[in-house]
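K.L.:
Combine both chains into one complex, guided by the hints.
Chain residues, written in single-letter form:
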Amino acid sequence: MPKPSHDEALPMQSGQSGQPRYEKMLQECLRGELRIVNAGLPQSQKRLSNLLTEEYPYVVCNDGSTHFFKKSELAYLASMLDSDEQKALLLPMLIEIGANQAEAAIPMLSEPEGKVEEKIISKTLNMPVICEKGRIRIYKPQLALLRRRFKTTTVYVFSPKIVA
Amino acid sequence: MPELIKVRPTKIELVKLKRRLALAQRVQKIVKDRLSILTMEFLQTARDTVEAKGKLIDELSKLYKALSIAAGYHGYIALEKELIATEADLKVTAGLRNVAGVRIPSFEVTDGAKPMKRYNLVDTSSWLDEAAQLSAECLKAIVELAELQRNFELLAMEINRTKRITNALEYVVIPGLQTTINYLNMKFEERDREEKARLKRVKVLVARE
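Residue numbers (my numbering), protein chains in the order written: chain A, 1 to 164; chain B, 1 to 209.
One chain only, chain B, in its complex shape (with noise of 0.2 Å):
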């Protein structure tokens, strides 16, 4: 059973009261909305998220098989030697972009990820530059995987947030309201009954006077 809100039994009160009813509801609408919004981003992001991890896991598991066998073809010390001074270029843009309300980072690798350079293309085979290649497309899909799944745990608090809201209203602001509203029309018309019956009961003590 909803409860009451405590205020005065006034017409402005109920005018009050009215307004308020009209303003949770249209809230409640645009809240259903970006519910069902942010849902549908939430399970778009999940499959995503799902389908780049699984992404990752190829292009690592490939990754480790072309290192190991540079590693086997070249030797450990002598790949060690090669890679020391190596480095990877890798340039991230990063920014946020806005859905429905939640501000989402948004990361973009720019000018490619550039493969790993300054080793000895001499002394070394084509096993470590598909490695290298490899390690690039590696460092990609990381940074798209960071993306996506940022996303989906901002999105996962806010749905959570939103649906505390949403269920407020549904169950406990406009049910209260509209009880409160219910009590304060009644007493109303309580009040002209009585108003009412007290006019009947003089006009009839005049008459007899």
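Isolated chain A, as found in the complex (with noise of 0.2 Å):
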């Protein structure tokens, strides 16, 4: 193959080697945008029988940062869950944003086969919930729902691949 003679070449900008500076710096920024939009996940969930007994319920998140949980939102998810629940929910509840934007899921994480997360969330938006391969598949008005009851026990999680 000929070598690009040198009247071919396009006049780079600045002198760095291939890539304008510019350009490294916007590499920098989209890969710093993946980094933030998942910042905020739990390094682990906690049970929620744990979090009741704790002064101040919190998580420690990704990036260092604590996630807090309200009181209040904790003892109502103890009201609609008896003891052995409570032991098996862990808490935040993710919530999967994928490549279809008008779903979402929910992995079923609790044993015995996330049947606590279902129980809540079909009371919550009071009605039956579709269970698919370990998740519950529920549509973008019902999320709107669900996040104004669960400001705090619930969290999003971004990922294209995730929601098929």
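Quick caveat, the hints were computed from the structure, so don't treat them as lab data.
Everything hinted at is true.
Which residues of chain A face chain B? A few of them, derived with a C-beta cut under 10 Å, are:
#, residue
1, 33
2, 35
3, 36
4, 37
5, 40
6, 61
7, 71
8, 72
9, 98
10, 151
11, 152
12, 158
Using 25 Å as the maximum straight-line C-alpha spacing, the simulated BS3-like pairs for lysine-lysine come out as follows:
#, chain 1, residue 1, chain 2, residue 2
13, A, 87, A, 46
14, A, 24, B, 163
15, B, 55, B, 140
16, A, 123, A, 140
17, A, 140, B, 29
18, A, 140, B, 32
19, A, 24, B, 6
20, A, 115, A, 71
21, A, 123, A, 133
22, B, 32, A, 24
23, B, 18, A, 24
24, A, 71, B, 91
25, A, 123, A, 46
Glycine is no exception: its CB is placed at the ideal position from the N, C-alpha and C atoms.
P.N.:
Listed below in structure tokens is the structure:
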């Protein structure tokens, strides 16, 4: 393959080797966006029964910050569940936002088979929910209702791959 | 017309540009999702703020009514004398929560807002008790409104920022990358055609000899 002559090359904007400085900055900015959206994910989830006993219930996030739970929300959740279910429920509940913008999915992480999440969501939305492959699928209007009730006990996860 | 990115027309640069385009498209998808979630949260917060403001105004009007009745019953000087040593306990737990990458404050009145105390129950009437009770509820409503108002501001700022990023990606970055990739592809095709024509010419010259 012939080597490109110098007159074929487009003029470079800065003296960087092959990549102008602003391009690098842009790349960093884009990568930063990816980091920001999932920085608020919890490092580990806590059980509702444990959170109820804490004076200041919170979990630590990936970026080292804390995510605070409102006691009133925890009390509301506790009022819905019996003691075994309180031990099984992991908080904060994750809401996956993915490729399909009309839908969101809630992974059923509690044992057995995520029945606790199913119970909470169907009670809150006052309707039966659809469970598929270990996930509860809800639509955007239902998501708004759910978030209105559980502001601190749910968090968003962004991934283009999760929701097919 | 999107601007061409200034790169050398080489295959390596083409591969790099294609990678950059894939990254930009992935980020655009996530940023758009985030924007839709932030907008949903913003609208919800706006609705909640209006509701909380209405509730606070109602409670304040009830409180002023109760307080003016109490003042009328006891007289301003006597009421002031009673209230001089009173205090209202308010314990607020403040923390942060994360909504789609935005860290917003969360306030909660713990132990319930206790009504005012330490005024003389013998010398005062039930009108003052009612005013004290209402003032506690007002404090609770003020804390709730403060949280919502701050969330509203922070979400609005983040929506603006995210919108700028989405627009930059949609109208500047991605079209620029696509145009440059197309330009490089055309350049390589042209080079191939030149090479073929040159070979044909050489073949003809060799055949003549």
